[in-house]
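J.: Each chain is listed here by its residues.
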Amino acid sequence: MADVAQMPGVWQQLKLIGGLRWRILRNGLRRKNNRWDLIGMIWAVFFGGVLVLGLCFAFYAGTCEFLAKNRPQWMALLFWGLFVWWQIFPIFVVGLGANFEFKTLLRFPLSLRAFYLLGLGYGLADFAALSSIAWIISMLAGAVTARASVVPVLLLASALFVLLNVTMERLIGSWLEKILAKRRTRELFFGLFILSMVSLNFISPIMHRYGSSAKPRFVEIIGYLWWTPGSLAGNTVAGAVHGDSRGFLLGLAGLLVWIGITSGLLWRRFRAQYFGEELGESGAPAAVRKRELQRESSSELPRFISPQVAAVVVKEFRYLTRNGFAFITFLLPPIMVIFFSMQFAGKNSVLREHGLSTEMFFPALMAYLILILLSPAYNSFAFEGKGIQTYFMTPVRFRDVLLGKNLMLAALVILELSISVGVMIWRVGWPSPAMFVSTVAAVAFAVVGQLTIANWSSLMFPKKMEIGKMKGQRNSGVAVWTAFGAQITIGGICGVILFAGKWTGNPWLPAIAFAGLTAAAAGGYTAALGAMDRLAEKKRELLIETLCR
Amino acid sequence: MQEIAIRTEKLTRRFGALTAVDEMDLQVVAGQFFGFLGPNGAGKSTTIKMLTGLLAPTSGRMELLGVDFAAHPVEVKRQIGVVPEGMGLFERLTGMEYLRFVGRMYGLDRGTTEKRAQELLEFMQLADREKTLVADYSHGMQKKLALAAAVIHGPRILFLDEPFEGVDALAAGALKALLGRMTERGVTIFLTTHVLEIVERLCSHVAIIHKGKLVAQGSLGELRAGVPGSQGEEGQKTLEQIFLSIVGQSGGEQAKFEELTWLT
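Protein chains in written order, with our numbering: chain A, 34 to 582; chain B, 2 to 265.
Bound conformation, chain A alone (with noise of 0.2 Å):
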């Protein structure tokens, strides 16, 4: 028998958790990286201050308004703007939440009833629930200014809303931690979350084109949600200042059966978890049925690679073909050159004559894809994790490794922007000979200009990034900074040689250069990879250290 003589209380074991959250935090501060964070954090935390702030002021004036212009259902406008907010915010933020599984109290003695309340807590922790609740108290002060015999009933419409929100954030934060939890629903989660946000922007055009015929329909629409947490909220409220008490119970019932509803999901999950529930890859793997093996095909690579180039551009297809992220990354150039076709130029474009000539839209295009497309070489050991060893333990020069992930990423840039070429022209039409030429040359001296700093960066600043994780998934900072600063110094260098053709009325004049100024960089280059295998010999435990964290 353990010598546990009482079993602590609820309250005694919250405390004993907060004190271990800050001592977390405090001892995190030994590491130099994780003072840097915090300083960016402070910094985050200010300008979160200063739009929290503003929009307390929002909600204050929109009470006043409400209240005193006798309109108390509106108040249900601000309740959803809440509810809409304290929602969908941590789903976008879900990658960058506390670096502390709160799941791991778990193999100490709580009872179920505390570690339900300790992940409520952890809920009003986040800024969502804390923006919301000032927002909330900026509500009531609205209310006391406008209208102080609608305090109470807000107070408790608030108290029943903010304890709806909260429960209901948790089970979606839980519910979402179960699918995520498996590799490949992550992957295909956060891909059709990257191409969800791209499909933002083809809102603006849509509204544009159909805004107005769908008006009457929208305004339809809201009428049937009276269901919803932000309108039962509301009308809790209206209901107690109309004195239709009807509404108000009703309103009142309804925010209980939500509470009710979402508190029993949150205990039956929070009950799994409690009990032990294993929400990682399937322990073991069913058994694949035994086959003959069969040669690699796609390691037939032309005879001038050397073995060494040849087996990591294989396996950077590889990688490539596994990370959704960076394979959605790829998919996007093409759907933004639809995009920007829609909205600057050619004949169907929101700017129609106004947009940008052919001449003008190809050029910016490419300079806007190279920017997408070379970022991931800024830091090319990213996803390598503890396998950069292999690289440093076999017979294998420096040189060969950037020279095979280079080759892989500069024929993935030929296919993007050859697609992209010709959505371009089918969108848009072709510009004239000389600027097509004078285009794809400047391309060619902007990808092997960059690859020789990238290729430096990388080995400089390396930083872990692992797939299908959102959390910390972040270049290095000054990482961030050189390829910005490169790529504004070569672009300014492009843009400059481009309008001097135009300057001197030879157009062709810009198609020459670039071809001489290409030929130096891929002197520069080559040279450079001999550097790069002394750096990397230099960097070697800075590497290791940093990518087998």
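All clues stand as given, with none of them false.
BS3-like, lysine-lysine: derived pairs with alpha carbons at most 25 Å apart:
# : chain 1 : residue 1 : chain 2 : residue 2
1 : A       : K571      : A       : K496
2 : A       : K215      : A       : K497
3 : B       : K238      : B       : K212
4 : A       : K571      : B       : K11
5 : B       : K177      : B       : K238
6 : B       : K132      : A       : K215
7 : A       : K496      : A       : K572
8 : B       : K11       : A       : K572
9 : B       : K214      : B       : K11
Hints were generated in silico from the structure; no laboratory data involved.
Assemble the complex: chain A is given as a structure, and chain B must be docked to it using the hints.
T.: Okay, now just chain B, sitting in the frame of chain A:
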């Protein structure tokens, strides 16, 4: 004259103020099954990392098969195979793809790589998981794959950092037999593990590192002869007794137990 597989001279590695490996002079004869032991934090992994090119020494010299590592790293790496501490696997490749990758990185031609990869997967009982991503392998399966990758090019020296950790008894038995046969063919095996029974059963020679310094080196018989004290059940000192005696902790635990009366 015996060929020296591994020779270090005053090999030192410092991390700031901490000297993890302190002027180590190590010598391993070719074909030996060599056990490298030490308590936690003694400098074992740091040594193995330096010997395999994963970490640069602060000072000192390393020669593998008579070749200076610092001057000819690529030539040395051609001759060695490594199962490092973290296994160094690319998790988004399948087991078969990883072996193909490593084989090609060692410069094997495609046909040889393919044949050896298949044979190694069969031997490691991973053939039915050839299409499974390494990320989805269990820890033991990953260890077996790391071992397969370490030997695919037929190395002359094999560095193994805790190779049997997480490997099931069946596979471990087959692996030990394989390693034994490799040493018979002249391959040098440099093994670090905390399981002293494994070292006692497999290794002919042992070195013990403590607080960064090499405190003992020799055959098991030589180490037994050099250590005073009681004998084991079979009439000779066990490696555990030798180890505890050399690192100076035999009896230390007894004293500590007395302080934990509430537990014992």
